[in-house]
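So the protein lines, in turn, are chains A and B. Residue numbering for the first sequence follows the working numbering, beginning at 9 and increasing consecutively. Residue numbering for the second sequence follows the working numbering, beginning at 5 and increasing consecutively.
To be clear, the hints were calculated from the coordinates, so they are not data collected in a lab. You may find that some hints are simply not true.
Lysine-lysine pairs mimicking BS3-like chemistry, simulated, CA-CA at most 30 Å apart [to be verified]: (1) B:K106 / A:K243; (2) A:K67 / B:K106; (3) B:K53 / B:K20; (4) B:K20 / A:K243; (5) B:K25 / B:K106; (6) B:K22 / A:K67; (7) A:K137 / B:K106; (8) B:K80 / A:K243; (9) B:K25 / A:K243; (10) A:K137 / B:K80; (11) B:K53 / B:K76; (12) B:K25 / A:K137; (13) B:K20 / B:K106; (14) B:K25 / B:K76; (15) A:K243 / A:K137; (16) A:K137 / B:K24; (17) B:K80 / B:K24; (18) B:K20 / B:K80; (19) A:K67 / A:K171; (20) B:K80 / B:K22; (21) B:K53 / A:K67; (22) A:K243 / B:K53; (23) B:K22 / B:K106; (24) A:K137 / B:K20; (25) B:K53 / A:K171; (26) B:K24 / B:K76.
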Amino acid sequence: MSHSSTAAVSDSEQDVWNGGVSPLNASYGKLMMWFFLLSDAFTFSGLLVTYGLVRSAHKAYDGAVEAFTFSHAYWPIPERVFDAVPFLHGVSLPLVFVGIMTFVLIMSSVTMVLAVEAGHRMDRAAVEKWMLWTILGGIAFLSCQAWEWTHFIVGTENGTTIKEIVNGEWITRTIYGASLVENQYGPADFADFFFFITGFHGFHVFSGVLLNFLIYYRTVTGMYDRRGHYEMVEKVGLYWHFVDLVWVFVFTFFYLV
Amino acid sequence: MEHSHEPQVTVLPPNKEKIKKLWTVAGILGIITAIEFAIAFSVPHGTFKTFVFVVMTIVKAGYIVGEFMHLKYEAKVLFWSILIPMIFVVWMLVAFVYEGMKISDVHF
Chain A
9 MSHSSTAAVS DSEQDVWNGG VSPLNASYGK LMMWFFLLSD AFTFSGLLVT YGLVRSAHKA
69 YDGAVEAFTF SHAYWPIPER VFDAVPFLHG VSLPLVFVGI MTFVLIMSSV TMVLAVEAGH
129 RMDRAAVEKW MLWTILGGIA FLSCQAWEWT HFIVGTENGT TIKEIVNGEW ITRTIYGASL
189 VENQYGPADF ADFFFFITGF HGFHVFSGVL LNFLIYYRTV TGMYDRRGHY EMVEKVGLYW
249 HFVDLVWVFV FTFFYLV
Chain B
5 MEHSHEPQVT VLPPNKEKIK KLWTVAGILG IITAIEFAIA FSVPHGTFKT FVFVVMTIVK
65 AGYIVGEFMH LKYEAKVLFW SILIPMIFVV WMLVAFVYEG MKISDVHF
């Protein structure tokens with residue numbers, strides 16, 4: 009923005025190695041944010057690729073969806089694991105809650121991009137308004153995730169009864185909910201990947217909310233007006249959209265497929 | 005703190021065209037997610053379903069990165085230096101899932 013305009017080169021003979029030129033036509037901050045996001049994308053890819061490997065190495069459930077029961081013998085169908093919605097106890101609503109979470113995050117991405125647009129116009133009031141909506145969306149998403157995790161950890165009312173050999177004898181035991189060691193839904197790896205992937209994403213959302221709040225605070229105190237541009241909104245916006253982007257992939261690979 | 009000389013800021017009017025475009029993109033993302041939902045409960049599990057989901061996810065990702073993150077309008081070198089590494093990652097995902105399926109064949 010303002011960087012590139014000050015970097016206008018009047019003399020075409022200017023040495024490009026002596027400063028005054030923005031590489032790739034992007035400001036230093038934005039370029040570094042892109043590099044960071046690429047590296048962060050590698051981290052998430054690492055998690056998702058490992059998930060893909062481990063899941064496809066497990067036995068898949070091949071019966072009818074209606075007849076599905078939890079078992080350690082095969083990987084569970086996600087829609088039968090994530091079918092609870094707050095205040096609707098005992099009603100099976102597959103993927104409804106996670107659908108709401110997805111909608112919330114996409115909407116907060118939209119309000120963020122509207123804040124960026126307002127920043128381009130130096131419209132402080134509009135930036136404040138859209139940043140507040142974005143922060144609200146982030147907090148709503150985190151609250152949903154807290155509920156989802158709680159439900160996942162506590163488990164269903166009846167749990168899952170398994171038979172196993174302990175000291176050479178068959179015993180039956182009921183497992184409720186999930187931990188990193190074992191869970192009632194399926195193989196231990198299933199819950200482990202759930203905790204790691206959605207947890208790592210949730211932590212990104214959390215730090216995103218903190219950054220969004222910082223930007224909001226600095227907008228309210230007039231810092232960007234004094235600075236003469238709202239590029240920080242744009243940079244943090246890139247991060248926030250990335251968080252939304254990752255969720256799009258988590259939603260597909262963890263909940264839909 | 006006291007700011008005796010607040011800067012003179014010229015606020016420009018909203019760019020209606022741009023805002024409309026952003027809402028259009030938001031609408032497209034919403035509709036694709038709704039269709040994904042419909043497919044989740046109407047198409048039987050299998051390779052075809054997975055393929056459709058992956059394609060729709062990539063379309064959504066394209067809109068988010070291209071329009072919201074503005075990558076489509078950045079310098080072409082920047083665009084490709086982000087995209088090319090991710091294409092390799094997609095290949096990595098395909099290779100590892102295939103590997104996992106072979107492991108599954110050996111085990112079960």
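Starting from K243 of chain A, check that the Cα of K53 of chain B is at most 30 Å away, please.
violated, 36 Å
Taking 30 Å as the top limit, are the C-alpha atoms of K22 of chain B and K67 of chain A close enough?
violated, 49 Å
Regarding the pair K25 of chain B and K106 of chain B, is the alpha-carbon distance no greater than 30 Å?
Since the Cα atoms of K25 of chain B and K106 of chain B sit roughly 46 Å apart, the hinted pair is violated (cutoff 30 Å).
Taking 30 Å as the top limit, are the C-alpha atoms of K22 of chain B and K106 of chain B close enough?
violated, 49 Å
Going straight from one Cα to the other, do K20 of chain B and K106 of chain B come out at no more than 30 Å?
Violated. K20 of chain B to K106 of chain B sits at ~54 Å, over the 30 Å cutoff.
Do the alpha carbons of K243 of chain A and K137 of chain A lie within 30 Å of each other, as the hint requires?
holds, 18 Å
Taken at face value, is the distance from the CA of K20 of chain B to the CA of K53 of chain B at most 30 Å?
Roughly 39 Å between the alpha carbons, so the hint for K53 of chain B and K20 of chain B is violated.
K137 of chain A and K24 of chain B were given as a pair; does the straight-line alpha-carbon distance stay at or below 30 Å?
The hint holds at about 18 Å.
Given the proposed pairing of K137 of chain A with K80 of chain B, does the C-alpha separation stay at or below 30 Å?
violated, 33 Å
Are K137 of chain A and K106 of chain B close enough, with their CA atoms no more than 30 Å apart?
violated, 53 Å
Compare the distance between the alpha carbons of K24 of chain B and K76 of chain B with 30 Å, and conclude whether the hinted pair is satisfied.
Given pair K24 of chain B, K76 of chain B holds - Cα atoms ~18 Å apart, limit 30 Å.
Given hint K243 of chain A paired with K106 of chain B - CA-CA distance at most 30 Å
Violated, at about 43 Å.
Of the numbered hints given earlier, the model fails hints 1, 3, 5, 6, 7, 10, 13, 22, 23 and 25; all others are met.
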